[in-house]
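Q: Residues per chain, in single letters:
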Amino acid sequence: MAVEVKIPTILRNFTGGAKTVEGDGDTLQQVIDDVETRHPGLKNRLVEESGLRRFVNVYVNDEDVRFTGGLGAPTADGDVVVVLPAVAGG
Amino acid sequence: MGGARLSQRAWCVQIGPPTYARRVLTIARAHVDAIIAHARADFPDEACGVVVGPEGSDSPERYVKMTNAERSPTFFQFDSGEQLALYKEMDANDEEIVVVYHSHTFTEAYPSRTDIGLAVEPQAHFVLVSLADDDGGDVPVRSFRILDGEVTEEEIRITE
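Quick mapping for you: the protein sequence lines, in order, are chains A and B.
Residue numbers for the first sequence follow the numbering used here, so the first one is 1 and each next one is one higher.
Residue numbers for the second sequence follow the numbering used here, so the first one is 1 and each next one is one higher.
No lab work stands behind these hints, which were simulated from the structure alone.
One or more hints might be untrue.
[Claimed, not checked] Short, incomplete list of chain A residues facing chain B, as computed with Cβ under 8 Å:
{"#": "1", "residue": "V80"}
{"#": "2", "residue": "A88"}
{"#": "3", "residue": "G89"}
Glycine included, each C-beta is placed from N, C-alpha and C at the ideal position.
From just these sequences and the hints, can you work out the full model?
A: Structure representation (structure tokens):
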């Protein structure tokens, strides 16, 4: 078993159209790095130097990781990671 | 000769604008009224939300008011928890976002540079309501498509 990562429509060009991909890791960072090895380019859309991109929401088991450690948020087999582009504007 | 004319016409059709360029937003009066009421309730902050509908239908059927997590007169962002709940509901019901709306409280009902830069729902109609000159009567409500940084205004047909 691995961590299930749900990919939003707008980023499925990196996953060959797949809605869900799998990754391994004890933290969100490790899961993203692992997924990146099979779906190159995805990481850059989620992460910048200072951490998660401002307008990307990432949830581990329904918790917004901004409140649970960001890229350091713990993950385990069977967890579900959801990625959603923020709906925002001015 | 007739054949030449036919093929010329076919060529014209091919290079014509994509069909969405002349899209129309058809939306119920009750939804427009709900959007305006939400905008007024949250004034002077921007109000935001969606009207969702069956996937691929382009038909806005279910109004969902969202909390502007920024609580700002110049910026909006859907509350992240509410957005996740919305996406789960849509996933379970085979729905998608048909309309994304927000208010401009001191400027016109036209997408700002920020709106254009952050637009992420290519299938959606971006509805803007302006309260800049609100005197309690009609207020401007306009709809746009935003795709790859390009803004196209579209007609709104309101059904009773």
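Q: Decide, hint by hint, whether the structure agrees.
A: Structure-based check of all given hints:
1. V80: Since the shortest Cβ distance to chain B is 11 Å, the answer is violated.
2. A88: holds, 4 Å
3. G89: OK, holds: G89/A within 8 Å of chain B, min 4 Å.
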